[in-house]
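Participant: Letter by letter, the chains look like this.
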Amino acid sequence: MASAAPSTGRYRLAIASRSLAAILGSYGLAVLTSLAITAGLANVLGARDAVTLGRMIGFLVYAGAAIWAFGCRSAESAWTGIGLASALAALGLLAAGGAA
Amino acid sequence: MKGRKGQDLGLRQSMSWLHGWSGLLLGWLLFAIFFTGTIAYFRQEVTAWMQPETAASRPSPQAAELAIAKLAAVAPDAASWRISLPNDRSNTLGISWRKAQPETRARGGNGRGERGGEGNRNRGRRGGGRDRGESLTLDATTGATITPRETAGGTFLYRFHFELYALPREWARWIVGIATMAMFVAIISGVITHKKIFKDFFTFRPAKGQRSWLDAHNATAVLALPFHLMITYSGLLLFASTLLPWAGDMAFGEDPRASRAEARAAQAREVEALQARLADAAGTDPAMAPIAPMLARAERIWGQPASRITITDPGKPGALVEVLPTRNDSLAQHSGSGGLGAVKLRFAGATGALIDEQRDAPGSAIATIDTALGSLHRARFAPPGLRWLFFLAGVGGTVMVGSGLVLWSVKRAEKRKGAPGHFGHKLVDHLNVGAVAGLCIATAGYFWANRLLPARLDDRGEWEIACFLAIWLASFVHPLLRPLRAAWLEQLTAAGALFAALPVLNLMTSHAHLGVTVPAGNWMVAGFDLVALATGLALLAAAAKLRRRIARAASKPPVATHAARLAAE
Amino acid sequence: MELATFALALTGFILLALAMKRHREQMFGKGRDLPLSRLARPAGFALLGLSLLPCLSAYGLSMAVTWWLGLLTAAAAPVLLLLTYRPAVLGPLGAVAPVVALALLLAP
Chain A
1 MASAAPSTGR YRLAIASRSL AAILGSYGLA VLTSLAITAG LANVLGARDA
51 VTLGRMIGFL VYAGAAIWAF GCRSAESAWT GIGLASALAA LGLLAAGGAA
Chain B
101 MKGRKGQDLG LRQSMSWLHG WSGLLLGWLL FAIFFTGTIA YFRQEVTAWM
151 QPETAASRPS PQAAELAIAK LAAVAPDAAS WRISLPNDRS NTLGISWRKA
201 QPETRARGGN GRGERGGEGN RNRGRRGGGR DRGESLTLDA TTGATITPRE
251 TAGGTFLYRF HFELYALPRE WARWIVGIAT MAMFVAIISG VITHKKIFKD
301 FFTFRPAKGQ RSWLDAHNAT AVLALPFHLM ITYSGLLLFA STLLPWAGDM
351 AFGEDPRASR AEARAAQARE VEALQARLAD AAGTDPAMAP IAPMLARAER
401 IWGQPASRIT ITDPGKPGAL VEVLPTRNDS LAQHSGSGGL GAVKLRFAGA
451 TGALIDEQRD APGSAIATID TALGSLHRAR FAPPGLRWLF FLAGVGGTVM
501 VGSGLVLWSV KRAEKRKGAP GHFGHKLVDH LNVGAVAGLC IATAGYFWAN
551 RLLPARLDDR GEWEIACFLA IWLASFVHPL LRPLRAAWLE QLTAAGALFA
601 ALPVLNLMTS HAHLGVTVPA GNWMVAGFDL VALATGLALL AAAAKLRRRI
651 ARAASKPPVA THAARLAAE
Chain C
670 MELATFALAL TGFILLALAM KRHREQMFGK GRDLPLSRLA RPAGFALLGL
720 SLLPCLSAYG LSMAVTWWLG LLTAAAAPVL LLLTYRPAVL GPLGAVAPVV
770 ALALLLAP
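Protein chains in written order, with this note's numbering: chain A, 1 to 100; chain B, 101 to 669; chain C, 670 to 777.
What the hints contain is simulated information worked out from the structure, not anything from laboratory work. It is possible that some hints are incorrect.
Unchecked claim - Below, simulated PhoX-like cross-link-like pairs (lysine-lysine); rule was C-alpha separation at most 25 Å, straight line:
1) K690(C) - K299(B)
2) K511(B) - K295(B)
3) K416(B) - K199(B)
4) K690(C) - K199(B)
5) K296(B) - K308(B)
6) K690(C) - K308(B)
7) K645(B) - K690(C)
Since this is a predicted model, take the numbers as computed values, not measurements.
Extracted from the complex, chain A is given alone in its bound form (with noise of 0.2 Å):
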């Protein structure tokens, strides 16, 4: 990625792209995964114990995510992979909010 004598501009547009899916994608995701975490195991585990633990995976997804938003072949797919879980975790939320 460092050797990008080719098109400058658009290696840096896809450097900036990748930059905002890790940074501000990944926290959407971090975000909706524990909020889905915590409405669909309240019941189970009690208010305190589910936010709690939606925290604690809400951090490990987010910097899973960060770094597949770089680690993944382009831009591009950083930003789908990124918005496709995010749209899993937000169907999540939305069936444990029905069902709660």
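Starting from the known structure of chain A, fit chains B and C onto it as the hints suggest.
Facilitator: Showing chains B and C alone in chain A's frame:
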């Protein structure tokens, strides 16, 4: 096979990029967080050094009786007394009391200055909503009142470590939280980047420029990796309610504190009922049972001495005595102020009879893990030996971040092969000097200010902090006026000299210097001087090494000169 | 018990270093091979694992693991520094450390 290897290389390169940038952009802040956080493991000891007036106090077996006699004299009608006994982290005896009538709560001040009388242990949480009442620091052998100088103490460095300074609390928590998140990403991507993590486990090749910086960075990262992972992840969890706030709102509804307030009220009712029973049993005799047997009993039960006593309704028939141990004996116990509060023994004040032992352990597996990680981060449970291990790991983390920052500069400078760097590189080079060497100067200067500012200065603690910040700021300006290597050399020398001379300054300005503290076996205060001396010598050694490099470089042809300069940097 | 853990871990790390040719040559000079150097790596890892036991005998699980991990770091650091600056010391140290550990474990 080849294709797979190629792909692998790509991942490693992209991880290296991510590691470099996430580490750099928040590295300056992370260095400060690690540096002050490492010192914070000894914040009580630092405060003790900064209040040399307390050093003459030696622990004694009759400290508890002295405290009770003093409290009976100055606050006979108080609603409650609290006694902090001397222990292995504090020489003095602290007493505090709360008045019977709950008056308007005085929560003034910003919670940073440590007022002379307040001593250094019984600081409640800031904004804890409790009236801390009045307090005194006593000599633990004579019972005489000690009036130490006001200082921001180790508490400033501790708070700076996660709240920075003068920023709104939530902002500071967000800024530090983002840095912690970047740290977490940097650790993981760093492990992926590091190809030969086991092969290079013991490798350090000194005097080889970029190679040596990389080795130092890797060694401090890998050897203390469990600590780095623990401290970063637990740091995130401690900030979780700020960084991932909405889950709490969702699960607890509009008032997340309601359930906690409910639990507190229930506890208060229970204590009230207990005291009523005690009063019935005691009749009208206002005499209190002696405290020494209760403390002896507590020590037999725990296998460690008691360190805090709370007496509710002292001198009344329903008096209730609560005794707390020196430290928690398990990670899975909540730690309130001073790391205590989870375990206590309750005694009837009138008879001295043991009522029960209370343990506030988290109920579930998840809460246990959360509590244990929080305990590990704060290390308030840690006995002295373990505390030193945490400190050493913290030093490792500080060196890891510092060497990582320098490595970023050196790597790019070696790639440029002598060409002057563009603006971005220069900016990083200069910020590195102030962020790494400058913080060392500022911290040493903070301790110097503690000794040199007039003892009776108003807002003395704030002045100490002002000195710290002014010196740190100056250390960012200085590299702009000097060539880079000269800036490094001068700042490292200044930091080393200031730290190494602290024991001398202490000798000239207090009666708690090494000549007194070592023969007296007061290792708590002597330890500060010795660590300051060691820190100073290490910084001076680094400066001497850099000076030799510069001298050697000056006697060589220009190309080699540049390479050597870069290596030196 | 902390010291016993430290001594065992120190021995373990010295064995791990011995298992690598580069470090073995640092300690004993070039071309020298030790008869049992193939065993050094498994023995080293085994000792690192065993070094948890003294802590477990003195503390509850959570405190024992905390001490152990802290002591592992503290034991690895001197091995790295000695390999860099005084590699010849490591051989004798690797012989003395397990004796010290045993003495500490057997002492009443």
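Participant: Of all the hints given earlier, name the ones this structure violates by number, lowest first.
Facilitator: The structure conflicts with hints 4 and 7, although it agrees with all the remaining ones.
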